[in-house]
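S.K.: The task is simple: from the sequences and hints, build the whole structure.
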Amino acid sequence: SAVISQKPSRDICQRGTSLTIQCQVDSQVTMMFWYRQQPGQSLTLIATANQGSEATYESGFVIDKFPISRPNLTFSTLTVSNMSPEDSSIYLCSVGTGPDTQYFGPGTRLTVL
Amino acid sequence: DAKTTQPPSMDCAEGRAANLPCNHSTISGNEYVYWYRQIHSQGPQYIIHGLKNNETNEMASLIITEDRKSSTLILPHATLRDTAVYYCIVRVTGTYKYIFGTGTRLKVLA
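Residue numbers (our numbering), protein chains in the order written: chain A, 1 to 113; chain B, 114 to 223.
By construction, these hints were calculated from the structure, which means they are not laboratory data.
Just so you know, not all the hints are guaranteed correct.
Restricting the straight-line Cα-Cα distance to at most 27 Å, the calculated cross-link-like pairs of lysine-lysine (BS3-like) are [said to hold, decoys possible]: (1) Lys210/B - Lys182/B; (2) Lys7/A - Lys210/B; (3) Lys65/A - Lys210/B; (4) Lys116/B - Lys210/B.
Covered stretches of chain B, as calculated for chain A (at least 3 residues, CB under 8 Å) [what the hints assert, rightly or not]: (5) 140 to 154; (6) 158 to 167; (7) 208 to 219.
Glycine included, each C-beta is placed from N, C-alpha and C at the ideal position.
M.R.: Here it is, written out as structure tokens:
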């Protein structure tokens, strides 16, 4: 398994601002993903973070709203841009250490006022 | 893409076995079934996965029916710390992407 950390663990932000969430892994991994979990809901995949190329976004998510960087095999960032209260969620990164299993970070709890 | 169906909630007495069912009737022949759990909105924790055969590890057992259209996660001796939302997941064919269903909220009762 991999040890995954996220920063910040939680934040309260004002409408119209942006927040960048960091995901750090203790070993090199091939696959990194970003998920959103809205209050009381299940997890929804936002995008696959690709090292050295643009992220691959799922239906309903766009790069302008959720820009993602992945400069190397251990680190990725997700930015939530021009936030509104509807963006209040837990944002989680996950990594795939092999062809099968994903491991999840602790999540970032975002509240937008 | 394969999808999963789970009961929204279940109760289990402490010390008894918890049996959590999952239907995945549209699963393809080469798709694995994964189980995760999420405690208090923490990141989901991996439990177990399988393809055809039953699997067991230190946390749980996974029973997959012969036609692979359903499976059951078994926690042999549930404790209060097993109270969580349990997700049964099938990976999107040909990718590493997971599609999460709504999960089962398991409450272990003292």
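S.K.: Check each numbered hint from earlier against the structure, then list the numbers of those it violates in ascending order.
M.R.: Every hint satisfied by this model.
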